[in-house]
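The whole structure should be built from the sequences, with the hints applied where relevant.
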Amino acid sequence: MSVRRIMGTETEFGISVPGQPGANPMLTSSQVVNGYAQTQPLARKTRWDFDEEHPLRDARGFDLSREVADSSQLTDEETGLANVILTNGARLYVDHAHPEYSAPETTNPRDAVVWDKAGELVIMEGARQARLIPGAPQLNLYKNNTDNKGASYGSHENYLMRRSTPFASIVRHLTPFFVSRQVVTGAGRVGIGQDGAAHGFQVSQRADYFEVEVGLETTLKRPIINTRDEPHANPDRYRRLHVIIGDANLSEISTYLKVGTASLVLAMIEDGWLTDDLSVDRPVTALHEVSHDPSCTHLITLKDGRKITAVQLQTEYLEQARKYVEDKYGDDADRQTKDVLHRWEQILDQLAIDPMKLSDQLDWVAKYKLLQQYRDRDGLEWDDPKLHLIDLQYADLRPDKGLYYRLVKSGRMQRVVSDEEIRMAVSHPPVDTRAYFRGRCMQQYAPQVAAASWDSVIFDLPGKESLQRIPTLDPLRGTKAHVGALLDQCDTASDLVRTITGGAAG
Amino acid sequence: MAKDGGQQHKQPKRSSTEEEVEQVEASEDVQERKERLDEDVDSILDEIDEVLEENAEEFVRGFVQKGGE
Numbered sequence: 001m002s003v004r005r006i007m008g009t010e011t012e013f014g015i016s017v018p019g020q021p022g023a024n025p026m027l028t029s030s031q032v033v034n035g036y037a038q039t040q041p042l043a044r045k046t047r048w049d050f051d052e053e054h055p056l057r058d059a060r061g062f063d064l065s066r067e068v069a070d071s072s073q074l075t076d077e078e079t080g081l082a083n084v085i086l087t088n089g090a091r092l093y094v095d096h097a098h099p100e101y102s103a104p105e106t107t108n109p110r111d112a113v114v115w116d117k118a119g120e121l122v123i124m125e126g127a128r129q130a131r132l133i134p135g136a137p138q139l140n141l142y143k144n145n146t147d148n149k150g151a152s153y154g155s156h157e158n159y160l161m162r163r164s165t166p167f168a169s170i171v172r173h174l175t176p177f178f179v180s181r182q183v184v185t186g187a188g189r190v191g192i193g194q195d196g197a198a199h200g201f202q203v204s205q206r207a208d209y210f211e212v213e214v215g216l217e218t219t220l221k222r223p224i225i226n227t228r229d230e231p232h233a234n235p236d237r238y239r240r241l242h243v244i245i246g247d248a249n250l251s252e253i254s255t256y257l258k259v260g261t262a263s264l265v266l267a268m269i270e271d272g273w274l275t276d277d278l279s280v281d282r283p284v285t286a287l288h289e290v291s292h293d294p295s296c297t298h299l300i301t302l303k304d305g306r307k308i309t310a311v312q313l314q315t316e317y318l319e320q321a322r323k324y325v326e327d328k329y330g331d332d333a334d335r336q337t338k339d340v341l342h343r344w345e346q347i348l349d350q351l352a353i354d355p356m357k358l359s360d361q362l363d364w365v366a367k368y369k370l371l372q373q374y375r376d377r378d379g380l381e382w383d384d385p386k387l388h389l390i391d392l393q394y395a396d397l398r399p400d401k402g403l404y405y406r407l408v409k410s411g412r413m414q415r416v417v418s419d420e421e422i423r424m425a426v427s428h429p430p431v432d433t434r435a436y437f438r439g440r441c442m443q444q445y446a447p448q449v450a451a452a453s454w455d456s457v458i459f460d461l462p463g464k465e466s467l468q469r470i471p472t473l474d475p476l477r478g479t480k481a482h483v484g485a486l487l488d489q490c491d492t493a494s495d496l497v498r499t500i501t502g503g504a505a506g
Numbered sequence: 507m508a509k510d511g512g513q514q515h516k517q518p519k520r521s522s523t524e525e526e527v528e529q530v531e532a533s534e535d536v537q538e539r540k541e542r543l544d545e546d547v548d549s550i551l552d553e554i555d556e557v558l559e560e561n562a563e564e565f566v567r568g569f570v571q572k573g574g575e
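Quick mapping for you: the protein sequence lines, in order, are chains A and B.
Going by this note's numbering, the first residue of the first sequence is number 1, and it counts up by one from there.
Going by this note's numbering, the first residue of the second sequence is number 507, and it counts up by one from there.
Don't read these hints as lab results, they were simulated from the structure.
The structure presented is a predicted model; accordingly, all values stated were derived computationally and were not measured.
For glycine and all other residues, C-beta sits at the position ideal for the given N, C-alpha and C.
Among these hints, one or two may not hold up.
[Unchecked claim] Just a sample of chain B residues kept apart from chain A, beta carbon distances all over 10 angstroms, derived:
hint: 1; residue: Gln537
hint: 2; residue: Glu538
hint: 3; residue: Glu575
[As the list claims (entries may be wrong)] Keeping only pairs whose Cα atoms sit at most 30 angstroms apart, straight-line, the calculated DSSO-like set for lysine-lysine is:
hint: 4; chain 1: A; residue 1: Lys401; chain 2: B; residue 2: Lys572
hint: 5; chain 1: A; residue 1: Lys386; chain 2: B; residue 2: Lys572
hint: 6; chain 1: A; residue 1: Lys338; chain 2: A; residue 2: Lys480
hint: 7; chain 1: B; residue 1: Lys572; chain 2: A; residue 2: Lys221
hint: 8; chain 1: A; residue 1: Lys409; chain 2: A; residue 2: Lys338
hint: 9; chain 1: B; residue 1: Lys572; chain 2: A; residue 2: Lys357
hint: 10; chain 1: A; residue 1: Lys328; chain 2: A; residue 2: Lys149
hint: 11; chain 1: A; residue 1: Lys45; chain 2: B; residue 2: Lys572
As structure tokens, then:
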């Protein structure tokens, strides 16, 4: 394996109404999702199919009983809140108190970036539509992870893995990687501690909200390694690693390296390549300490007694990945794998010399540099509201107000994908996963799609009493190569279902 | 904005050795780059000043979220 595997991101967006901190976030989130749904009138009735959702299934091999679960963990019960399945294969819905965009399944880091960025445009459009409603409040959306008052909301990554890989070796090798990767993938934050009560800048939005090493929860006692085991694929062959420890990135390079390096590390774990034990002593504390040190010089203590920086710890993984790719593919490694390795190395080298030089590549450095420039010019302390505002407004999704977008517009951020690709991805699915089938069904047959999910599309066909469920359990089937011509030929959903089921559907 | 006032650009003298000329030119480059960077900082901060929400304290205080995930 390489950087390529089935992967996808999920983002919960911050939402606020200026001047009305008490605005009901479930209502405002619904307005954004329904606002976007208005642009897809045919898809409005399609429900989410919860048949294959198992939020309480634990990768360690047991189910949490529903009675002891927190109500926020029962994500498979229909809430009646807004939900749209998009023609790009994504799911847009209200999760608790935030609008959430779950990107379609992709096969490589670059595509993961394209469909992740498309989510920003989807949310922007939903907010724009919501603001058009007469009397509607001004809604602002943010791609960040905390209100700096104690609340955090997630941006998750999903990676399909081999079921045969022991979960213990995932925990062992992934924990040090997650403790240290924030120096590359952090989004930067003004404020220390969950409620931001202590003053200062830290590398990660999320680090302070993680309290345990391994666990099933995502909303309380957040674990570095999340054990939710909902593969959305053949459970005998696959697990879906649900990663909850990551910042919502605006920088394309941050997202690209976040998913690219994680995918490489997972490949090494699956192949049993990693043998060195890099286990970190007290990893939760180390996670916080690394985040609180933007100079990137904090020494992490490993269980074997070594003391190394987060950059050095990442470099250990990089060097292993280089050897692994060389051993597996030699010069035949695919371009993205080579590119991820190359960029990862360059960034780690620069982080060791002068992190500030990466202000045109990494979110946390771009934000930190801007804040330092304001501090220098205006003599501001870290508790100054203006610095908190800059932190918040960096993630503002309004193109004219969002500071990240301003940096891009003035050529101050490097990119890895194009605006054109992102615009296309708003309405078109990736061609090389089952998201293609789902997205094309929503494009062509939405009024007949009663429900859909990651692993099914369910049709309500004229003249049929029962719903017709087309399972899509294999993420690599339902691609353009597989069903493109079929979908081109079938004018109606009935034609499609008849062709797929060989005319046997009753 | 404040700049180092004392560093006038030196014109290389005809009698200078090539090495000296190169050094002076190099220092001019550094100086020019620093000015460009200073101007760059000014322009980005000016640009951001224009789009920052007006009442920072109230705006930040009003950004209240519920936990998610």
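*Are Lys572/B and Lys357/A close enough, with their CA atoms no more than 30 angstroms apart?*
violated (35 angstroms)
*Between Lys572/B and Lys221/A, does the CA-CA distance stay at or below 30 angstroms?*
Within the cut-off at roughly 16 angstroms; holds.
*Mind verifying the non-interface call on Gln537/B? Its CB should be farther than 10 angstroms from each CB in chain A.*
holds (20 angstroms)
*Given the hint that Lys45/A pairs with Lys572/B, test it: the Cα-Cα distance must not exceed 30 angstroms.*
Judged against 30 angstroms, a Cα distance of about 28 angstroms means the pair holds.
*Between Lys386/A and Lys572/B, does the CA-CA distance stay at or below 30 angstroms?*
holds (23 angstroms)
*asked:* Hint check: Lys409/A vs Lys338/A, CA-CA at most 30 angstroms. Holds or violated?
replied: holds (28 angstroms)
*Going straight from one Cα to the other, do Lys401/A and Lys572/B come out at no more than 30 angstroms?*
holds (23 angstroms)
_Glu575/B and chain A, when compared Cβ to Cβ, separated by more than 10 angstroms_ = With a cut-off of 10 angstroms, Glu575/B comes too close to chain A, as the shortest Cβ separation is near 4 angstroms.
*Check on Glu538/B being off the interface with chain A, judged by Cβ distance over 10 angstroms*: holds (19 angstroms)
*Does Lys338/A pair with Lys480/A here, judged by a C-alpha cut-off of 30 angstroms?*
holds (26 angstroms)
*When you check the alpha-carbon spacing of Lys328/A and Lys149/A, does it fall within 30 angstroms?*
violated (47 angstroms)
In this structure, the hints that do not hold are numbers 3, 9 and 10, in rising order.
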